[in-house]
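A.B. asks: Sequences are here, hints too, so could you generate the full structure?
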Amino acid sequence: MLARYLAGRREPPATLRELALPVAFAAVPAGLVALQPDLGSALVFAGILFAMLFWAGVRIPNLVLLASPVVSLVLAFSPWTWGAWIFLLGGLLVLWRPYVWEGLAVLAANVGMGIVALPLWERLATYQQNRFLSFLNPELDARATGWHIIQSKIAIGSGGWLGQGFTQGTQKRLAFLPAQHTDFVFSVVGEELGLVGVLAALALFFALLAVLIRVARRAPEPFGSLVVFGVVGLLFTHIFENIGMTANVMPITGIPLPFFSYGGSFLLACFVGIGLCLRISREGREPGYREF
Amino acid sequence: MTGRPAFHPYVLAQRGTLARRLLLGVFALLALSFFRLQVLGHDRYQLRSESNRLRPVPLPAPRGLIVDHRGAVIAENVPGYSVSLLAENEDSLRAMLGRLQLVVAPREVPVDLAVGRFRAMPYEPALVLKDAPFEVVSRLEERRPVLPGLVIQREPKRLYPDSAVVAHLVGYVGEVTQQDLLSTRFQSRRPGAIIGKEGLEREYEDSLTGADGMRFVEVDALGRVVRDEGAAASLPPVPGRRLRTTIDLDLQRFVASIFPAGRRGAVVAMDPRNGHILALYSSPSYDPNAFVGGIDRVRWEQLNTDDARPLLNRAIGTRYPPASTFKLATATIALRRGLVTPDSRMPVPCTGGLQFGNRVFKCWRPGGHGSLTLQQAIATSCDVYFYQLGLRIGVRALLEDGTLLGFRGRSGVDLPGELNPAFPPNIEYYDRVYGRGHWTSSVALNLAIGQGENAQTLMNMVRFYAAIANGGHLVTPRIADGPDPPGTNLEVPATTFAEMRRALIAVVEQGTARGARLASIRLAGKTGTAQNPHGPDHGWFVGFAPADTPQIVVGGILEFGLHGTAMAPIVARVIERYLLGPDSSRGARPEIVLWRSRRTPPRGPRRLTRCARRGAPGDRLPRLPAGPTGEPARARRPAPRPRHAGAHGLRPGHPLFRGSDRRAERRRLRVAAAADLAGDRHHGGRARAAGVAAPAGMGGAGPLCRRDPRPAHHPRHRHGRRHRRVLEIVDRRRGPPYRPAVGVGEARRHSDARPLPRGAPGAAGHAP
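Order-wise, the sequence lines are chains A and B.
All residue numbers for the first sequence refer to our numbering, where the first residue is 1 and numbers rise by one.
All residue numbers for the second sequence refer to our numbering, where the first residue is 1001 and numbers rise by one.
Bear in mind the hints are in silico, worked out from the structure with no lab data behind them.
Owing to the predicted nature of the structure, the values given are computational and were not obtained by experimental measurement.
No false leads were mixed into what you were given.
Here are some, though not all, of the chain B residues that point toward chain A, as calculated from beta-carbon distances under 8 Å:
hint	residue
1	V1011
2	L1012
3	G1016
4	R1020
5	V1026
6	F1027
7	A1031
8	G1041
9	H1042
10	Q1046
Which bits of chain A does chain B cover? Going by a derived footprint, with three or more residues having C-beta under 8 Å, they are:
hint	stretch
11	53 to 67
12	210 to 216
13	238 to 244
Beta carbons: idealized from backbone N, C-alpha and C, even for Gly.
C.D. replies: Dropping the structure here:
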């Protein structure tokens, strides 16, 4: 739907006000999902949204200003960082000079987010809170919430250069690593195949995404192009979040890894997306630039 | 913002490139983080991965053996099984303990102890059963699937084959306590480790303990043992060092077998040339095997509250006034200072007492000994002679030289718990205790005969006599084999000790220890009777043989023995056994018999005349066959005539019935075995007498006539007319040798033994 809308416009949304509609498009399902609660999947929506907005031509500053309240929310845990962010934001507003009202709205949104941060934090369920805390310091609660991260890091770290051998990983075998076939499958890759395997997997993912971007470029019409880039966004969000989670770079959310994680529905969704892209790529192979 | 189409290929290409670059950047970031984990942090994570899945299980090291000087085993190890549980957390441990209680009897499973051990060391198996029998272990192995963290180990446990015979020598072992773990000595030991608590086990703990090994078991995330062996390299345990002692186990067993059962006392046998302890026995004894694996609480209470205090090592842990045995020291001091010669006589001959100030200090023999030389005085143990000798030496010199001779210091034997002897350091001591001017030189009289503020351990006296035996070298007693520690040389000329030895030979040949004379060996020794203000007196005897070149010195103390002569035959037999070997004791066959009387000895001079009443058969004293002492044989005792029960209540068929009822009031009972001592119901509460004569030569103390049944006794007993017991040991030939059984783990109580007040026995008596 988003693709349809964005493709239909002659010009990309230029101002924040014009961005409101696409954001709403994404926000509604994201909100529903977030209330499930499944913050991770809601994050995916945001990832897709931003990818498509970028591909549709929204200017970077607008994207940054759009994302700024979220950043403010995240940084609100410490007054100093939040203050620094507000200061930076003020500088950016001056630099980029959006419309005055829009600029003020952004500022107000940021401040509002900062204020709302604390009650929001307390409204979070304990496990969600612990996830964020464990992300910053896994040793804090080593036997419960930090367990995943610690075991994942141990598994990856004990892989070394070449790993312990396919199916020979001890952490996996002795059940020290939980969710080893779903969310933490990349830790297994790290443990068993080592750095070499990790780099190979990363390279493969990169190749996939690069090919998809090329397809998006060659798509004959904007709609198809946007769809493909949406798929790129989807895959990228999943990949980055999952692999980052196993290496303690990103907080833990229940995001599976495309084509690796065990779980039929997501695999199917990935393949459907790939299928769409293939269709669009076929069209793009035809030479000629079609008028739109 | 104007004009440029949103999806122009050029623009798209730009965005595509940008997107690709962004992608590359993110992936590079991820790759970098992985690099950091996998390459830079590899070792750290590898280690953590190992520590995740491997759990250490300690392999206990066997304790070193303790052997005697020929290699016979005194303490050894036998295999036992210990059961432990590996658990991830306390709840799973409790669940497993619950399942364990279904297999083993519930009260055998110490839940709280196991949980405590788990809390102390959560990553090691928590010990549940220390010493499980094999069939329990096999039952548990069958149920391994329900007990996932089960770890069964072979643990060596201690065994003392000779049990109570060596109890006070080797001590016992036990688990290390919480307080011990906090101290610096034991802080590196693991909870549940076995350490020595008493005796040689404790003294040589550091060398007897080996080093525990370690093996690893592999566990999964739930704490289940996945792989028991071979998960990682294991460290083999290092067994403890063997401890070789100077003990002669054969002699030790012999000492234990002839020491009268149920009596309290100790025997120490030592080689005077180098201070090697050949035997050390203290009675009553206990079973050290009971302590292995944790002692039963009931038994522990029993051992601790027993009046006879079986855990007390009476060879080094109690002090008694040395009494007449100290006279040798007095004589040594006097000879050294040139105050007397072996043939000197004292101005006042012994007539039963010596007047000093406003009191009469009595001699043990009421009739007195007459005028004696020093040698004779030692032989007959005349108090009056030594009173005068003490006065001649003077208190100050006595104290100084007493310190020089080693009566103030510990002997230094390598056993824990040795008491310091009590001996006044100097004259100022008396000033402190009594106040200046409130004491007189009468303290010298008491000191000279070994009473007064003088209390020595058996080991100390044996050491002193060893010095007499070897010519002036105070050895340091030693049990463990090794380089001999240096002793001290007493600055006394060797001739003095030679004279002492001659005197000591006379004691045995003609003096107070005549009952201990050996047929084929020249024995030298001295008796002593320590006054005990709280009960019957204690008997000392220290002797060595052969008298000219002594190879063994044996000292013994018998609590409530009443005479040193009671102890002498035991010591003599020990020496005989050591010097002549096991055959000697089989051949001579003397019997140790205890007899007891309840009559108070009357005071006054003894009638020495022969009894005029003779004639009727049965009235005559039973005559003994020639005993080992070489005394002339007497006629055998006639068969007892059937009589009605006399005043003593014994019927003619009674095994203890002796003689006629006419001697009822003077009859002494003969108690033939420990059973009588322990549960003396027949003879409780009634004055009775049995007619058994001591062989002539109990210091001239035996009754010569039925009508004169007074036994030898010390006139200075303070018990007035209350009933007291007279205990003698008589060597008689009477059938199979006496073999008292030493109770295992229990002390035999003398039914009439009074519980001693605090501080007794052996509390230093004060000046009379």
